[in-house]
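Please model the entire structure based on the sequences and the hints provided.
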Amino acid sequence: MSNEKINNCVILTNLYYSVQDNTWVRVNDDGTVTIGMTDVAQSLAGPILHARPKKAGVSREKGKPIATVESGKWVGPVKSPMTGEIVEVNENLEKDAQLVNKSPYQNGWILKMKPENLEADLKDLLTGDAAVEAYRAKIDQDGVTCTHIEGTDEY
Amino acid sequence: MEDKEGKKILVIQTHGVDTPTRTYSPIYYAVAAAAMEMDVMIWFTMNGTNQLRKGAAEEVCLVPGSGVTLRTMLDMAIDNEVKLRVCQQSLTLWDMTPDDLIDDVEILGATSIIDLALDYDHVMYF
Numbered sequence: 001m002s003n004e005k006i007n008n009c010v011i012l013t014n015l016y017y018s019v020q021d022n023t024w025v026r027v028n029d030d031g032t033v034t035i036g037m038t039d040v041a042q043s044l045a046g047p048i049l050h051a052r053p054k055k056a057g058v059s060r061e062k063g064k065p066i067a068t069v070e071s072g073k074w075v076g077p078v079k080s081p082m083t084g085e086i087v088e089v090n091e092n093l094e095k096d097a098q099l100v101n102k103s104p105y106q107n108g109w110i111l112k113m114k115p116e117n118l119e120a121d122l123k124d125l126l127t128g129d130a131a132v133e134a135y136r137a138k139i140d141q142d143g144v145t146c147t148h149i150e151g152t153d154e155y
Numbered sequence: 156m157e158d159k160e161g162k163k164i165l166v167i168q169t170h171g172v173d174t175p176t177r178t179y180s181p182i183y184y185a186v187a188a189a190a191m192e193m194d195v196m197i198w199f200t201m202n203g204t205n206q207l208r209k210g211a212a213e214e215v216c217l218v219p220g221s222g223v224t225l226r227t228m229l230d231m232a233i234d235n236e237v238k239l240r241v242c243q244q245s246l247t248l249w250d251m252t253p254d255d256l257i258d259d260v261e262i263l264g265a266t267s268i269i270d271l272a273l274d275y276d277h278v279m280y281f
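Chains as they are written, first to last, in this note's numbering: chain R, 1 to 155; chain C, 156 to 281.
It is worth saying that the hints were derived from the structure and are not from the lab.
Possibly wrong hints are sitting among the right ones.
Not close to chain C: a few residues of chain R, all C-beta gaps over 12 Å, as computed [stated by the list, open to error]: (1) H50; (2) T68; (3) K102; (4) L118.
The following label-pair restraints were derived from C-beta to C-beta distances [stated by the list, open to error]: (5) K5/R / D250/C: 23 to 33 Å; (6) T176/C / T147/R: 17 to 27 Å; (7) K64/R / E213/C: 42 to 52 Å; (8) P253/C / A120/R: 22 to 32 Å; (9) L263/C / E119/R: 39 to 49 Å; (10) D129/R / P219/C: 13 to 23 Å; (11) Y155/R / K162/C: 39 to 49 Å; (12) G264/C / D29/R: 36 to 46 Å.
Since the model is a prediction, treat every value here as computed from it, not as a measurement.
From the three backbone atoms N, C-alpha and C, an ideal C-beta is built for every residue, glycine too.
Structure (structure tokens):
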């Protein structure tokens, strides 16, 4: 796994990103995708108090909320980067929502989805160098510097 | 807990820039409801109206140094498609005209709010 750091924000180049909505997608071997919030997203939100994914079995269109996340200073939806059916949610977030802060790309995943049209939806996302460059521009433009709470994964 | 998507929530905000500690939470609740895919409106009346004057909300910051002003909260509501409405009669109370209002706020009269209150699934009053 390779990664880039921009203003202390970690970008994993093997993931697909919706830069606008600050979500990532990992394509799994079984045809499902794992979706989560980016390091930029967790930094902007601050320490997460509650993360509440939609339930397994729910179908979502791209751009619609798949979870609500709240911190002390921010509340909002996590917008789906794919169209499909939610097949699994990260139950550990109920006990420790700050997994999203500490491990945004691993243990803090939000949910898994069975996409309706994987290839088409992936074309609308960015990966590799293109994702890094897009994030570099966004981070510069918005003046973001990522912050990490104690216990955050090392990259 | 069942999803409440599509429910309609009306938040009535009567507190303004003179009482900062009573301004953030109603907006926070409204945005949370919008994030849960509810249809949400905040109705500003009485003192609540004065936070909608251009430049006023930027001056209110509950936690100094946080960078999160009342304007940040209002923008968060707008970004999440929370409808912002203000009581027409209360503008007079604060010597305000429609031109004094920030963008994305619509003006409604008293009969409209009564209609809305009956139409919404739940009203939260602050």
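Structure-based check of each hint:
1. The non-interface label for H50/R is inconsistent with chain C: the shortest C-beta to C-beta separation is roughly 9 Å, within 12 Å.
2. Non-interface status of T68/R relative to chain C is broken: a Cβ of that chain comes within 12 Å, the nearest being about 4 Å off.
3. Remark: the non-interface label on K102/R is consistent with the geometry, its nearest Cβ contact in chain C lying 22 Å away (cut-off 12 Å).
4. Look at L118/R: its CB is around 24 Å from the nearest CB on chain C, clear of 12 Å, so calling it non-interface holds up.
5. For K5/R and D250/C, the hinted distance range of 23 to 33 Å is not satisfied, since their beta carbons lie about 52 Å from each other.
6. One distance hint, 17 to 27 Å for the beta-carbon pair T176/C and T147/R, holds here, with the actual separation near 26 Å.
7. One distance hint, 42 to 52 Å for the beta-carbon pair K64/R and E213/C, is violated here, with the actual separation near 32 Å.
8. Between P253/C and A120/R the Cβ separation comes to about 45 Å, which falls outside the hinted range of 22 to 32 Å.
9. The hinted window of 39 to 49 Å between L263/C and E119/R holds, with their beta carbons roughly 47 Å apart.
10. For D129/R paired with P219/C, a C-beta distance near 41 Å fails the hint of 13 to 23 Å.
11. Between Y155/R and K162/C the beta carbons are some 41 Å apart, a value that agrees with the proposed interval 39 to 49 Å.
12. At about 60 Å, the beta-carbon gap between G264/C and D29/R misses the expected band of 36 to 46 Å.
Hint violations for this structure: numbers 1, 2, 5, 7, 8, 10 and 12, all remaining hints satisfied.
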